[in-house]
Amino acid sequence: MENGLLHPDRLFPADHATRALARDLFYAVQDLPIISPHGHTDPRWWGENPAFSDPAALFVTPDHYVTRMLISQGVSFESLGIGTDCETDPRKIWQTFAEHYHLFAGTPSRIWLDDAFSRLFNVNERLAPKTANDIYDAIAERLPHPDTRPRALFDRFGIEAIATTDSALDDLSWHIAARESDWNGRVVPTYRPDAIIDPDAQDFNANLDRLGEITGCDTTTWDGYLDAHRSRRLAFRALGATATDHGHPTPMTADLSIADARALFNRVRGGKMTNGDAELFRAQMLTEMARMSLEDGLVMQLHSGAFRGHSSQVYRDYGPDRGFDIPIPVSFPVALRPLLDAVGMDPRLTLILFTLDETTYARELAPLAGVWPCLRLGPPWWFHDSFEGMRRFREMAMETAGVFNTVGFNDDTRALCSIPARHDVARRVDSGWLAEMIVTHRLDETEAYDIAALLAHGLAKKAYKL
Amino acid sequence: MENGLLHPDRLFPADHATRALARDLFYAVQDLPIISPHGHTDPRWWGENPAFSDPAALFVTPDHYVTRMLISQGVSFESLGIGTDCETDPRKIWQTFAEHYHLFAGTPSRIWLDDAFSRLFNVNERLAPKTANDIYDAIAERLPHPDTRPRALFDRFGIEAIATTDSALDDLSWHIAARESDWNGRVVPTYRPDAIIDPDAQDFNANLDRLGEITGCDTTTWDGYLDAHRSRRLAFRALGATATDHGHPTPMTADLSIADARALFNRVRGGKMTNGDAELFRAQMLTEMARMSLEDGLVMQLHSGAFRGHSSQVYRDYGPDRGFDIPIPVSFPVALRPLLDAVGMDPRLTLILFTLDETTYARELAPLAGVWPCLRLGPPWWFHDSFEGMRRFREMAMETAGVFNTVGFNDDTRALCSIPARHDVARRVDSGWLAEMIVTHRLDETEAYDIAALLAHGLAKKAYKL
Amino acid sequence: MENGLLHPDRLFPADHATRALARDLFYAVQDLPIISPHGHTDPRWWGENPAFSDPAALFVTPDHYVTRMLISQGVSFESLGIGTDCETDPRKIWQTFAEHYHLFAGTPSRIWLDDAFSRLFNVNERLAPKTANDIYDAIAERLPHPDTRPRALFDRFGIEAIATTDSALDDLSWHIAARESDWNGRVVPTYRPDAIIDPDAQDFNANLDRLGEITGCDTTTWDGYLDAHRSRRLAFRALGATATDHGHPTPMTADLSIADARALFNRVRGGKMTNGDAELFRAQMLTEMARMSLEDGLVMQLHSGAFRGHSSQVYRDYGPDRGFDIPIPVSFPVALRPLLDAVGMDPRLTLILFTLDETTYARELAPLAGVWPCLRLGPPWWFHDSFEGMRRFREMAMETAGVFNTVGFNDDTRALCSIPARHDVARRVDSGWLAEMIVTHRLDETEAYDIAALLAHGLAKKAYKL
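Protein sequence lines, in the order shown, are assigned to chains A, B and C. Note that the first sequence covers residues 11 to 476 in the working numbering. Note that the second sequence covers residues 11 to 476 in the working numbering. Note that the third sequence covers residues 11 to 476 in the working numbering.
Read the hints as simulated data drawn from the structure, not as lab findings. Just so it is clear, the structure is predicted and the values come from calculations on it, not from any experiment. A couple of the hints might just be wrong.
Copies of one chain are not kept apart here, so a pair can be met inside one copy or by any two copies together.
[Unchecked claim] Computed list of lysine-lysine pairs in DSBU-like fashion (alpha-carbon distance at most 30 Å, straight line):
#1 102 x 472
#2 472 x 140
#3 471 x 140
#4 102 x 140
Could you build the full structure based on these sequences and the hints that come with them?
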């Protein structure tokens, strides 16, 4: 490739004049600071600033986008260093990865990986069996250097603020450590209470016991349980949290009477759930979380619609987050109505919606966000965090929702090195979209520049109060 | 903007050669008369020809596309002149509108509004806080003039025929007045019997009593009730109606035995409905309406899939049609089958289908319209009456349905001044689509011109018998 | 048209540079042999090699894409030579077809028909009322010639291998005749056991009796019934079959205990089905078929989601496959899970999924195929075997599934003359897609050429073991 791994015009529209506009829009936003309001970086990175151990541990083993594609073509988990009696030599794992790197042709993963290889490790050749060793060496040699440690990467990436996602039961010690260090990077936790809200979660009752110990609240009663949430939310806020996040199977909400809610809690807590109680409890808790947001100002995020652990065998032998999470159909209007009717017109609430079911973009999410004052649309999530996925989102949601009811970009990643690449892709795709809006005279050029900056930086900062 | 608000090449494809073809196709159809076979203009406008009172009452307060976007960003209904104790100064309402006009960037509303401001009121600057007063004055000063009254606008817009949408219980007095006036514009009513078909409608039983009074039929019996429909349909036909319209929550149809239908009617009429009876009654009535269409030739339209009044509070305090109507998933094949099996092969029936659920375009509606002789596809409806929405409809439905099983464009609006803009957008988007069909050699140039004229004029005229 | 019916650049992107790339990619693959691993050509053609009788019988009467469009615009089945007391003069049927040929503007049928008219019969004018007779004559005159018989067409089309679709009860005599002839074309059967798996099938019990006779197995017991399947699968394999095909209303699967499966079989076989038993039996049988594939290596195909015979009247008077089959919504993750959990990680299984519900491409099918080692995605099916349908598939599925989890193209046709046209369209659309991938720097040019060849030939050959 004459331009190495990264062509400067990548992801821009083909048409000559449109591409020129896209390029100029991109130049105007490419260096804006990164706001990363939702993601899964490891808080230990920020609290301890450790060096990464090796290229396979950095790029292969923990990345479920990578492992899922390899598994789909018959590579074993063991050969990727996952499971009992698995490969332990990172160079061999890397070699397996390189032998199958052609599988990623046309996928977002390849864009992110090539970008990281190129920007951070000066790699200029595509990963392949014959380049595998050289690239391994190029990466491995940089990893011990101070400038490849997490905090240095944070600074090099131009991150203005990053949020992690943390269990409600987490002691947030790494966040405390980061705050107490001499490093000034802004890292904040996000309140993710699934483990104490979802009656189907593993060890749910034990989690509630633990919640009681941590907070000193009586989590055997509905009222004490709600107080315990309030207490934990305050603890998160004290460490900079501006948001909560809820990973529910469906977006169902409920608004029960206090008596009914207490009775439901007692069934759930007492191990006497009947059919539908778990779903109803999760539904009720979304509305309770929204009510608490009115009090404490935390922005609410809802990520629903993933069937987790689609293979029982894989879940049992290799654990969660191995790529076996599959989207299912969802529908929002009926599901969200109880919550919205309860608190949706209150100007203190912000509820950011995410979906894995793109059929809801134009049919439901854009019409909902285009009228309810509390609602905002999160960016294309997970499988849709891609060139085509972002294009579809813009084309299907913007005319009805309007750009001001969106929240910019989330990288949503546990792969640290992919953060700049993901924001780069989003800024390129949005620049291309805006260029086409100009060329078709749906936007003026000046307002397109304003919107480009909002999409890259301003909307996320405002929506997440960062 | 060097070309003012309206660029002559707006909405055409970016590619140079394709744009040139699109422009030529558009020139060939831009001045064809407007057929507006489905919409919500106020019959009083045509019967009385009143002047519009002020810019806010013309462009802001009644337009639910406008109010919904403003509400979504925290503007209050009261500040828009809606509700008790609301703002009553139209200039202040206009100022609020102008301060938030940037929210409409990239939305169809801005295209329609800019077009109306520019064409009708010679406005050449974008509405903004600093231009608000001048634009208000420019509009306000024209409103009393005779050429800005409804009938003059009808003529200026080049409307060949327009249909309103009227309750089955309406006395159609404004239609009579229009006919008896010296004005020759063709305005026809459309039979919309939801209030006497939907058992969940407000005052349903009182509506049926009233229906009995109007028609002299015994609406306490199934047979008398059906006769009353026949009578009202004839009255509508006598005033030029060529169509009926049905706004049902779902497209479910039924074909009960007469005995079962009578029993169902008795339960519904007698206030003894059981679960599912309301839905079943609406379903049965669609088939009855289709049967009556065989007799009287009225074309049938079905608009299903809107969840109306999504906010109880807004509905209670500010009424219907305030932007809180949200699409829900629908599916047609099973739902329509009873009606189709009963009368779908009869050459006398035309049933035009609309959807807010675009997932049905390629999966269901195109395959259905591409085989059932009675079925035609309505244009993209409501939130999908937009550049992207129209493109998706063409791309998803045309290959299987064929253009001849569609019915051209509906403006479907209660915003009179937006009518030419909406037809302009549709003609531009279709010209762009046809240009791409030519460039990719999927259509010959000559047939593309023929199809452009059909989409702009001929198909609507034929399908609606106008 | 200056270039006759077929423009050499048809279906390529409009942008000049992208089109040039597309053209070169297409040149590289246009003459690759055709692998046709799934379709509905008549085995008699291959066994007996008869001449086709007349143009109407070749192009009109049996083609449900053609008849459905004509029916949709009021043409009668009788005038197309279908039904009792129908038109029997093929020239008159042809004239009716020609008079309505404009209806196919912009449809895939026209591309296929024009291609066949042009390539096989040297027709250079569009079919229309005034050209109808000449084109009829041009075709009719070639039909008796040896080079227009099926085996000659097979050779002229450059077919490397073709699979038919055959009832499990078929004696495969035409396949035997083809094998025993002096002709060397590779034609293989496909095991399609719907008639002995679907309890809702006509004569289901009689079919199982017949299955018992053919195989000598006791099909009154679950174990004997399964053995009978094994026996028939072996018979198919002996004649070259590499695949099975399953046409189920839904993709539901089940994995019952042996006791429950036996009891279910007994209810189904004994005419004592209760509600849901038919669906459950089909579901269980998909898992049984997958288990047998582990034993005998047959690749499994699942075509689900068609509502067959949507018009009762048409089905009764004119039979199946008349165009009245309509897609319905489907969802795969929950439905497939029992089968996948049972055998989905086994490297011996290949299960190729097809859908008529495009909403599943990005939401479900790409995520599923992008992780389960057994799963592959079939090409766009039926109504989606079209320019726009193929583009949507590439745009919605490739980023997550990856091209290597797809299986190239299926022509899936019973219209022999359309086979080269269909593969031509697929190769053109894929060349255009790959050209855009290059221009936007999502693929290197060299890998795009490799992928073009895989999509046109290699992936089908490998996935179907042909």
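Hints and how they fare:
1. Proximity of residue 102 to residue 472 under the C-alpha cut-off of 30 Å is restricted to the inter-copy arrangement: shortest distance 28 Å between copies versus 45 Å within a copy.
2. For the identical chains of this complex, residue 472 and residue 140 are inter-copy neighbours only, at 25 Å across copies versus 47 Å inside a copy, given an alpha-carbon limit of 30 Å.
3. For the identical chains of this complex, residue 471 and residue 140 are inter-copy neighbours only, at 27 Å across copies versus 44 Å inside a copy, given an alpha-carbon limit of 30 Å.
4. In this assembly of identical chains, residue 102 and residue 140 lie within 30 Å of each other by CA distance solely inside one copy; the values are 13 Å within and 66 Å between copies.
Figure legend: structure checked against the earlier numbered hints; every hint is met.
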